[in-house]
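> In case you want the letters, here they are:
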Amino acid sequence: MTFVAKPRVHHPNIPTNDLGLTRRDYEGSVSTLCAGCGHDSVSAAIVQACSELSLPPHRFAKVSGIGCSSKTPSYFLNRSHGFNSVHGRMPSVMTGANLANRELMCIGVSGDGDSASIGLGQFAHVVRRRTNMLYLVDNNGTYGLTKGQFSATNDKGSTSKKGIANLYEPIDLVSMALQLGASFVARSFSGDKRQLVPLIKAALKHKGMAFIDVVSPCVAFNNHSGSTKSFEFIREHSHSVVDADLIFGQPEITADYAEGTYETVDMPDGSLLQLYKVDADYDPYDRIGALTYVQKMQQQGQVATGLLYVDPEAVECHDIMETTAQPLNELAEDALCPGHEALAAINQSYR
Amino acid sequence: MSIKINDFVIRFANVNGSGSASANGMFAKALFRMGIPVATRNIFPSNIQGLPTWFEVRVSEQGYLGRREGVDIMVAMNAETFAEDIDSIVPGGYLLYDNSKPLPRQLTRSDIHEIGIPIASMMLPEFADPKQRSLFKNITYLGALAGLLNIEFEVITGMVATQYKGKDALIEPNIRALELGRDYALQYLDAPLPLQLRRSDAVGDRIMMDGNDAAGLGSLYGGATVCAWYPITPSTSVAEAYESHCKKLRIDPATGHKNFAFMQAEDELSAIGIVIGAAWNGARSFTATSGPGISLMSEFLGLAYFAEIPAVVWEIQRSGPSTGMPTRTQQGDLISAAYASHGDTKHPLLFPATPKECFDFAADALDLADRLQTPVLVLSDLELGMNENLSEPLQWDDSRRYDRGKVLSAQQLDAVENYGRYLDVDGDGVGYRTLPGTHPDKGAFFTRGTSRDEYAAYTESPEDYQRNMQRLQLKWQTARGLVPKAEINSRGSSVGVLFFGTTALPIPEALDKLAVSGVQLDTCRVRAFPFGDEIDAFVAEHDLVFVVEQNRDGQMRTLLINELQTNPAKLVSIVYFAGLSISADYIDEQISAYYEEHKLARLTEVTS
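Those sequence lines, one after another, are chains A and B.
Under the numbering used here, the first residue of the first sequence carries the number 86, and numbering increases by one thereafter.
Under the numbering used here, the first residue of the second sequence carries the number 236, and numbering increases by one thereafter.
Keep in mind that the hints were calculated from the coordinates and are not lab data.
Do not take every clue at face value.
[What the hints assert, rightly or not] Chain B regions said to be covered by chain A (calculated; three or more residues, Cβ under 8 Å): (1) 478-489; (2) 501-511; (3) 633-642; (4) 671-685.
We put the beta carbon where it would ideally sit given N, CA and C, even for glycine.
Make the full structure from the sequences, and use the hints.
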């Protein structure tokens with residue numbers, strides 16, 4: 086960790102966004118994670134994504150569980166309220182926050198211990214409820230704060246820092262999210278900002294449950310040669326399937342992509358989600374196909390990344406529940422309390 | 236034999252799932268509509284169909300609503316429990332049974348009256364469908380009871396018409412079945428019995444409602460917009476009542492959309508997590524659960540205590556520990572609720588005793604939780620929650636405003652120079668909250684279960700941690716002055732009786748019984764924890780205080796000793812924990828025995 090406070094003075098030429106804010110206005114306090122931790126890159130990617138989208142930096146609800154990953158909401162968007170809750174229980178707290186005010190942007194940050202072990206049930210249920218949120222997992226395959234125990238996302242046969250092999254099957258949160266009804270499912274790598282930032286932007290604009298599994302290596306406990314969650318392993322074994330970008334105005338197709346491998350999707354706010362398919366045969370709107378592809382890659386020791394599945398027509402929890410458009414926490418007393426006269430009639434019905 | 240008016244206990248023994256609940260409910264409601272005070276009790280198994288179930292109605296012109304020992308009239312419709320049902324009848328009581336088949340010889344008792352009605356045989360020529368035959372058996376014995384006990388027949392037929400409004404085809408056969416029973420009683424039996432009913436005005440303007448229903452409605456009136464819950468008997472109907480009332484009263488007239496969110500969670504951990512997340516984000520929210528749910532919620536309750544987030548939890552107690560007797564009543568979760576979670580935690584508790592108090596406390600708990608920024612638990616029980624009982628009518632004062640506690644708006648934040656979430660500005664231990672998204676660059680803070688300073692910054696400083704814990708202790712003192720006060724009735728006796736929740740039901744009757752033998756007790760009905768000064772004074776001013784409660788270990792007594800630093804010898808435990816509700820007879824016996832054993836002075840002896 087660093088003990089140097091962030092300088093308050095900005096570079097005079099630092100660019101501003103549509104709100105007249107700079108990236109610095111989207112930052113949080115100084116990280117206390119280890120130098121080189123993948124999680125700090127993820128936080129930086131969130132800062133960049135929110136800043137580039139010109140989202141008001143105070144209109145977020147940031148919720149996390151417990152663990153290294155769950156400390157990170159302190160490190161971005163410090164004009165928004167954050168809530169570091171209970172181990173494995175971010176999904177329920179986030180659900181409540183979202184029920185109370187559907188207008189706030191919801192970012193839930195969790196880790197592999199938090200989501201795939203103690204919180205697996207809450208993960209599954211928040212996905213099937215389709216809460217309108219970005220659910221981001223900093224996935225490093227290890228318990229950092231308790232010093233290097235295996236987590237449930239570790240591949241069978243991968244080894245700990247001491248060389249001991251993991252004997253148990255891995256839990257793949259991406260496959261589960263696909264199966265349980267997430268309407269935006271992506272995997273990325275903390276070391277690939279070019280891929281991760283556009284994914285976060287698209288996820289924030291997505292209406293419904295957007296899940297991103299970010300492989301984010303632990304430099305202290307899980308970055309050695311026997312690990313399948315190390316920087317080196319992921320760089321060598323990850324295969325981007327669909328890159329995404331969020332654009333405003335007319336799409337610009339760069340020459341990097343061949344005809345037929347890109348397409349655009351209308352987003353609820355009028356922006357366009359632009360998809361660049363690395364593999365022309367891959368169908369990002371096919372949930373079952375995505376699930377098969379992800380598992381096949383995993384079987385081959387490879388890691389599929391990018392935007393794996395999106396349902397642009399998705400509904401979110403409030404639509405399903407038919408809650409009123411106004412945030413529930415802003416409803417006035419006269420909308421909430423039927424008053425004395427209605428109660429007199431109710432009393433009569435109990436006579 | 237002398238005639239007794241409006242004073243008996245009738246018990247219906249049925250097989251659950253046989254459709255008896257509706258007929259039995261109509262019996263109680265008919266008496267209530269004749270102005271006669273009734274108290275109903277369901278004694279049912281943890282099962283859907285096929286096991287024995289009992290429904291008991293205490294009929295009392297004096298208005299005694301507690302359970303009374305002994306059964307005067309047994310409607311025995313379950314062959315499986317026939318023997319024990321017949322055993323429970325008081326000498327001189329009545330057994331009403333279906334004599335389509337003869338009563339086994341070994342079951343006959345010479346000291347009771349047998350009333351046989353060939354109900355099954357009577358159904359055969361009347362109803363072709365076997366399912367109807369079975370269902371209308373219940374209505375037929377209701378009709379027979381109308382004849383035997385003098386229930387006003389129009390009251391029952393009127394209820395049938397209301398109940399089956401819209402399903403008119405059902406009205407006629409129901410009334411036919413009622414008539415069959417009544418006519419048989421009048422024609423072939425010695426009707427009416429010496430136990431009779433007569434129209435009265437003893438009910439007054441009271442209503443008949445169960446406590447869980449009132450709790451759900453009170454939560455609606457109190458402004459709760461989020462209810463998250465997980466099904467568990469006997470609390471489920473709190474959440475279900477909230478939803479059902481909301482569907483009538485909380486629909487936006489313009490759009491048809493819901494001004495509430497109702498979410499069945501995957502477990503109790505998630506239910507309380509949703510409540511805490513919603514409350515953190517400024518929505519009034521609550522959950523309902525029972526003892527096992529409190530155990531599961533305990534980690535979250537500690538977080539909400541330490542992070543200072545309002546939450547309301549309805550705990551409808553049942554017999555524990557573990558799964559215990561999940562469909563039987565108890566007051567066994569006082570200590571686990573009061574101190575739920577690890578570390579130094581304690582939570583305000585409210586103890587409603589009537590449906591009206593369930594309604595009132597539902598709204599009060601939401602105010603208290605917001606005012607104190609902490610979880611508030613309302614401890615009801617199966618007895619109050621799931622049985623329809625007489626209650627004063629519900630009231631709402633339209634001038635009442637929700638007390639949202641200390642929450643700063645954007646304008647207020649602009650006016651504050653030095654905002655700190657946990658600064659004790661007012662000296663009452665309660666800081667000022669801000670809600671997410673309120674202000675572009677002021678007032679945002681990070682909520683955590685780890686130690687922090689007054690400005691919500693993470694710290695492990697020993698001084699900061701201790702100062703924070705001491706402020707929470709100061710807040711607890713503030714809570715003492717805000718929670719509902721105990722109801723005290725002192726007539727200068729040196730001996731008192733202290734009770735809470737449904738233990739209050741049999742107390743008036745118990746006091747009347749005790750008075751006959753010269754035992755006069757001052758009373759203290761505790762309505763909340765932490766205990767206010769008035770409870771401290773009540774205990775101090777009496778030489779001896781009986782603490783009556785429905786659990787084995789005397790948990791209220793333990794709380795009193797722990798919190799008031801009282802001499803334990805002063806507090807005498809009267810406990811009942813058999814799964815039924817405590818009766819006046821039991822309280823009378825126990826206290827009388829104590830007087831006897833310790834040769835305590837009685838009023839008659841003192842004055843003589």
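> Against each hint, give a clear statement of whether it holds in the structure.
Each hint tested on the structure:
no.: 1; hint: 478-489; in the structure: holds (count 3)
no.: 2; hint: 501-511; in the structure: holds (count 10)
no.: 3; hint: 633-642; in the structure: holds (count 3)
no.: 4; hint: 671-685; in the structure: holds (count 13)
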